[in-house]
Amino acid sequence: MIMTFETVLFYFLAAASIASAVMVITRRSPVMSVLFLIVNFFSLAGLYLTLHAQFIAVIQIIVYAGAIMVLFLFVIMLLNLGDEQRLAERISYKKMIAVGLSFAVLMEVLYVVAYSGTEFPTKNLERAVEIGTVEYIGRELFTTFLFPFEITSILLLAAIIGAVVMAKKKID
Amino acid sequence: MNLIEPLVKVVLILAVMLTLVILLVYSERRISAFIQNRIGPNRVGPKGILQAVADVVKLLMKEDIVPKNANKPIHDLAPMISIGVAMSTFAVIPIGGTMVLLGQSVRLMLADVNIGILYILALTSMGVYGITLAGWSSNSKYSLLGGLRSSAQLISYELSMGLSIVGVLLIAGTLQLDGIVQAQSAYIGGWLPAWNVFLQPVAFVTFVVSAFAETNRLPFDLPEAEPELVGGYHTEYSGLKFGLFMLSEYVNLVVASAIIVTLFLGGYSVPFAEYMNLSAQTVSLIQVLTFCVKTAGVILFFVVIRWTLPRFRYDQLMDLGWKVMLPIALANLVVTGFILAAFS
Amino acid sequence: MLESYIPIFMMLGAAALFGLVMVKLNEWLGPRRPSAEKLSTYESGMEPVRTARERFSIKFYMVAVLFIIFDIEVVFLYPWAVAFNELGMMGFVTMFVFILILLVGYFYVWRKGALEWD
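From first to last, the protein sequence lines stand for chains A, B and C. Take the first sequence: its position 55, counting from 1, is numbered 54 in numbering that gives the first Met the number 0, and each next residue is one higher. Take the second sequence: its position 285, counting from 1, is numbered 284 in numbering that gives the first Met the number 0, and each next residue is one higher. Take the third sequence: its position 88, counting from 1, is numbered 87 in numbering that gives the first Met the number 0, and each next residue is one higher.
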């Protein structure tokens, strides 16, 4: 196999995203976990770029790494979460269930990838570059996918109201 | 593919930025001295012009103090995030068209990508972490409060900043900054340059105000309001790590001015240059100079404002962001969209 | 397409490297003479009381949540603005309805006093 620039980049980013994901769940300090999650989002954005999805890549950074992780950081600071030892669950059957479930998912993924014979696209669509641009997404989102888009506003409205209701007791 | 050209440009950007900041610090101190009827730095070098260089050298030789209770890795990381984000933003800003240098034509910008302006916004949203983490990792009350206030301020004004950009995008129809500049090189009614400052005056005002807030300049320098918070998020920083925060603040100032010029003041375009029968090479040289002059003008505006206006109170600042800037930017957007849809 | 991003990766790398070099250079060049007073956090000349990482006002949390929601709204506006010429009046109405629904939420937040800071 010829290693093109894209393949090298893909393997590098894939390794980075897995490594950072492992770091997220193994760090003691929640703030470190948040930082590694941000690294993870960056490598995901890079992976989107290798798929020519430029808009999605930058949105991944603006919304996930730039907005949602700020909230995570605020909540961790707000609750003054210490090291995880103090938070650790005493009851271990939950852990057992978690391990079992993760194992099941892993098996499932392995089955789909290796045995089921599902056809995976092996290269990018020829129009991939065109589809990834902001212009194309704008055109499609506001014509073909108009209804889902409008429904999103209801979802966001619900989120606004939910946030206020949750914080309200304190504000009064 | 040619990797030498972008590499040279990257090194140039870093070098020019550093030189600019050093000049900027000196001139800001001189201008503030002039405004306050003082003399200002005048000992190091002719007229004190090397004062900022001396400051950098001094900071470099100072002890790097990390408080006992601080989180050392994050304490080190925070200034790196700040400066890294500030420096990288310049990558998509065009300072001119194309120019023939050493026998090959060179585009006078680092990367002309499809998502252009969104790259700048993405980096702006990363800048919050430098400040929040600096405040949190120091484990000092002043730092934490300063960092928190500051990050709440940054994210609040990021909204009105993003909304005012949409007004410009409606007119330009592209996210590429070069395209936005091209769109501004036409004329309204045959004589007025079609700069977005004339087409989108409301967006211009909201963007400039948000830019002031995003760069932590007075009247928005709440993060380091000395009487309340001592040094704000960098209370516990010393040596060059402190210097990096200062540096990134000034780099942000230069970058914000360059963005204002690109989005609203016609970028590198020179009105009526095409009627003057100049050679392509001369035109691109004039364009670069124009860009520099415009940017310097905006920077001067920032500096003069800083030494003229008092600071907001924190509740006033948040009120302005959420109750004034956000609705105005949104209304401007709706009106612009309606006019464009109705008359096109 | 990917090639146009190489300069951006280089810029990000160079800027990060610059920060790292500066911090390490300072650590290497500067003296190191720690003392208990020097390493304690600043608290207006008093002995520091307890830790700084106390719980703080929930308003910061509110700002962050509202920021996420409106940020998502703004993100939807970019593709809309870029494709606006082709969408025409229909596109304007679409976005107007979207903004209107979110304005309901905005005024709800305002009326509930979540934007007050005193």
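The hints are simulated quantities; they were obtained by calculation from the structure and are not laboratory data. Do not rely on the hints blindly, as some may be mistaken.
[As the list claims (entries may be wrong)] Examples of chain C residues lying across from chain B (beta carbon under 8 Å, computed):
| no. | residue |
| --- | --- |
| 1 | Gly-44 |
| 2 | Glu-46 |
| 3 | Phe-69 |
| 4 | Val-73 |
| 5 | Val-96 |
| 6 | Ile-100 |
| 7 | Val-103 |
| 8 | Tyr-107 |
Each residue gets a CB set at the ideal place from its N, CA and C atoms; glycine is no exception.
Against chain B, is Glu-46(C) within 8 Å by beta-carbon distance? The hint is violated - Glu-46(C) has no Cβ within 8 Å of chain B, the shortest such distance being about 13 Å.
Supplied contact hint for Phe-69(C), tested at 8 Å Cβ to chain B: 5 Å, holds
Grab the minimum C-beta distance from Ile-100(C) to chain B and call the hint holds if it beats 8 Å, violated otherwise. 13 Å, violated
Closest C-beta approach of Val-96(C) to chain B relative to 8 Å, hint status: With a closest approach of 11 Å, the Val-96(C) hint is violated.
Closer than 8 Å between Cβ atoms is the bar; does Gly-44(C) clear it against chain B? Give me holds or violated. 11 Å, violated
Could you check if Val-103(C) really has its C-beta closer than 8 Å to a C-beta on chain B? Cβ of Val-103(C) sits 13 Å from chain B, so the hint is violated.
Are Tyr-107(C) and chain B close enough, Cβ to Cβ, to be under 8 Å, as the hint says? 13 Å, violated
Holds or violated: is the Cβ of Val-73(C) closer than 8 Å to a Cβ in chain B? 4 Å, holds
Hints 1, 2, 5, 6, 7, 8 from the earlier list are contradicted by this structure; the remaining hints agree with it.
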